[in-house]
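For chain A, the structure is supplied; the task is to place chain B on it using the hints.
As you go down the protein sequences, you meet chains A and B in turn. The first sequence begins at 1 in our numbering and counts up by one. The second sequence begins at 1 in our numbering and counts up by one.
The hints are simulated quantities; they were obtained by calculation from the structure and are not laboratory data. No false leads were mixed into what you were given.
A pair holds if it fits inside one copy or across any two, identical chains being indistinguishable in the list.
Capping the alpha-carbon separation at 20 Å, the derived lysine to aspartate or glutamate pairs in EDC-like fashion look like this: (1) K117 with D14; (2) K94 with D61; (3) K2 with D61; (4) K94 with E57; (5) K2 with E57; (6) K2 with D38; (7) K2 with D64; (8) K94 with D147; (9) K2 with E171; (10) K94 with E171.
2 protein chains.
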Amino acid sequence: MKVYLAGPDVFLPDAVDIGRAKVAICAAYGLTGLFPLDNQVDRDRADASLQIFRGNEAMMDAADGIIVNLTPFRGPGADAGTVYELGYMAAQGKLCLGYCNDPRLYVERVAALTELKSLSGILTDPQGLTVENFGLADNLMMIHALDLHGRPLITPAAAPADLWRDLACFEACVRLAAGPIVPAASA
Amino acid sequence: MKVYLAGPDVFLPDAVDIGRAKVAICAAYGLTGLFPLDNQVDRDRADASLQIFRGNEAMMDAADGIIVNLTPFRGPGADAGTVYELGYMAAQGKLCLGYCNDPRLYVERVAALTELKSLSGILTDPQGLTVENFGLADNLMMIHALDLHGRPLITPAAAPADLWRDLACFEACVRLAAGPIVPAASA
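Next comes chain A alone, as it looks inside the complex (with noise of 0.2 Å):
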């Protein structure tokens, strides 16, 4: 089974030695991680960012299934291109399991950016737009996607030292990735 292993991982200095430990963590359970930052190119190039859109679709399309990293990035909630990634998953019928490092709720985090104001019953921000109070971790259309194409959101019971660097919820979603495990006694 081919996992795509989606999430701003690609944004971190040292994000090849994650994807090296994140594809380790899938071959331990059986699974073949495919990390999209094999898909860089040179970045000299003028069609540079067209070539790792091409690369991570095709990754995309030749995995079975996604384990998606939507720990907070840039502001409140999880990061657009990941998510992107999700939904083309999610619409092919694919597996889709997902983490995320920050245990607050999507709410509880807006609310520590900004200050918001509560009009009959209606959570808004400083630009009056509504703040989704669902008592979800993040918009619903991301975690109902995980409840109904896979399996529901993997959060740490506290933030874990280092979001970026902690893969113990990754590590949870692989083994729901690999199934049930087999007793030994059985097999």
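Frame of chain A; chain B shown alone:
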């Protein structure tokens, strides 16, 4: 032709009016606009968010294309729920169109929100995460999804007075979705 109208417009206090205006513009070009707010359910239901998800997914499955509003939402980039829907439609080979009422590049928006560093030509944010700098309006996955699964992102020459309610770029997308207009003389 049915077009799903995705965007953080649903979070505006006057979302119902915006939705009606968008559907009316679609109708003027012979298209049926499907606005997700029509899926809103009783928010006191325990499963309200799941019902909204199911409604939106069914609406996307019924649509022939999508027009996404990628105007930045609570940060430097597009709304994640909207981006999920773009991926979902792209994977089905449906027509993907989009606009962004903020004409700046992604890197310019990040730089306006936080201080960037340049290390060997790579821009990073205060967390040390790379800032995509391909001269694009947002994450390459969305921008090239539009290029390859529809038509390039539409942006205004200058930001409109009301980023959330100006529908000129939206109408430009509708015009593209409707296809070339047959001159009356040859009809």
